[in-house]
Amino acid sequence: MNDFVRNLERVKKLSDELFYSTEEQMTGQKEMMKAMLELEKEVNEITRESGKIQDGVLKIKTQSRDLKALSVV
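Note that the sequence shown covers residues 690 to 762 in the working numbering.
Read the hints as simulated data drawn from the structure, not as lab findings. This one's a predicted model, so the numbers in the text were calculated from it and none came from an experiment. Hints are not guaranteed to be accurate.
To be verified - List time: in silico EDC-like cross-link candidates among lysine to aspartate or glutamate, alpha-carbon distance up to 20 Å:
| # | residue 1 | residue 2 |
| --- | --- | --- |
| 1 | Lys-730 | Glu-720 |
| 2 | Lys-702 | Glu-713 |
| 3 | Lys-750 | Glu-738 |
| 4 | Lys-719 | Glu-731 |
| 5 | Lys-741 | Glu-731 |
| 6 | Lys-723 | Glu-712 |
| 7 | Lys-748 | Glu-738 |
| 8 | Lys-701 | Glu-712 |
| 9 | Lys-701 | Glu-720 |
| 10 | Lys-723 | Glu-734 |
| 11 | Lys-750 | Glu-734 |
| 12 | Lys-741 | Glu-729 |
| 13 | Lys-702 | Asp-692 |
| 14 | Lys-723 | Glu-713 |
As the list claims (entries may be wrong) - Across the chosen pairs, the derived CB separations fall in these ranges:
| # | residue 1 | residue 2 | range |
| --- | --- | --- | --- |
| 15 | Met-721 | Asp-692 | 38 to 44 Å |
| 16 | Lys-757 | Ile-735 | 30 to 36 Å |
| 17 | Ser-710 | Lys-741 | 31 to 37 Å |
| 18 | Gly-740 | Glu-706 | 50 to 56 Å |
| 19 | Ile-742 | Lys-702 | 57 to 63 Å |
| 20 | Met-722 | Val-700 | 43 to 49 Å |
| 21 | Ala-724 | Leu-697 | 39 to 45 Å |
| 22 | Val-700 | Gly-740 | 28 to 34 Å |
| 23 | Glu-727 | Val-761 | 30 to 36 Å |
| 24 | Leu-747 | Met-721 | 35 to 41 Å |
| 25 | Glu-734 | Ser-760 | 36 to 42 Å |
| 26 | Met-725 | Val-761 | 39 to 45 Å |
| 27 | Gly-717 | Val-694 | 33 to 39 Å |
Just so it is clear, CB atoms sit at the ideal spot from N, CA and C, and this is done for glycine as well.
Modelling step: build the complete structure from the supplied sequences, incorporating the hints.
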């Protein structure tokens, strides 16, 4: 009978450890998802800003070409 009670206590202890371990893992996964979403937002913002810079560079090239053409005339 004592062995049975000890085994039940051991099973309970292992179940508790497994529960807490699983809970920590789930919390970690939630935090990782939050971080990934924030990273995705930052990447999207960088992509948008990069597009704006590229547009600006193209405008400068066009204006430069136009000025060069005017200075030759």
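So, going through the hints one by one against the coordinates:
| no. | hint | result |
| --- | --- | --- |
| 1 | Lys-730 with Glu-720 | holds (15 Å) |
| 2 | Lys-702 with Glu-713 | holds (17 Å) |
| 3 | Lys-750 with Glu-738 | holds (18 Å) |
| 4 | Lys-719 with Glu-731 | holds (19 Å) |
| 5 | Lys-741 with Glu-731 | holds (15 Å) |
| 6 | Lys-723 with Glu-712 | holds (17 Å) |
| 7 | Lys-748 with Glu-738 | holds (15 Å) |
| 8 | Lys-701 with Glu-712 | holds (16 Å) |
| 9 | Lys-701 with Glu-720 | violated (29 Å) |
| 10 | Lys-723 with Glu-734 | holds (17 Å) |
| 11 | Lys-750 with Glu-734 | violated (24 Å) |
| 12 | Lys-741 with Glu-729 | holds (19 Å) |
| 13 | Lys-702 with Asp-692 | holds (15 Å) |
| 14 | Lys-723 with Glu-713 | holds (15 Å) |
| 15 | Met-721 with Asp-692: 38 to 44 Å | holds (43 Å) |
| 16 | Lys-757 with Ile-735: 30 to 36 Å | holds (32 Å) |
| 17 | Ser-710 with Lys-741: 31 to 37 Å | violated (47 Å) |
| 18 | Gly-740 with Glu-706: 50 to 56 Å | holds (51 Å) |
| 19 | Ile-742 with Lys-702: 57 to 63 Å | holds (59 Å) |
| 20 | Met-722 with Val-700: 43 to 49 Å | violated (33 Å) |
| 21 | Ala-724 with Leu-697: 39 to 45 Å | holds (41 Å) |
| 22 | Val-700 with Gly-740: 28 to 34 Å | violated (59 Å) |
| 23 | Glu-727 with Val-761: 30 to 36 Å | violated (52 Å) |
| 24 | Leu-747 with Met-721: 35 to 41 Å | holds (39 Å) |
| 25 | Glu-734 with Ser-760: 36 to 42 Å | holds (39 Å) |
| 26 | Met-725 with Val-761: 39 to 45 Å | violated (54 Å) |
| 27 | Gly-717 with Val-694: 33 to 39 Å | holds (35 Å) |
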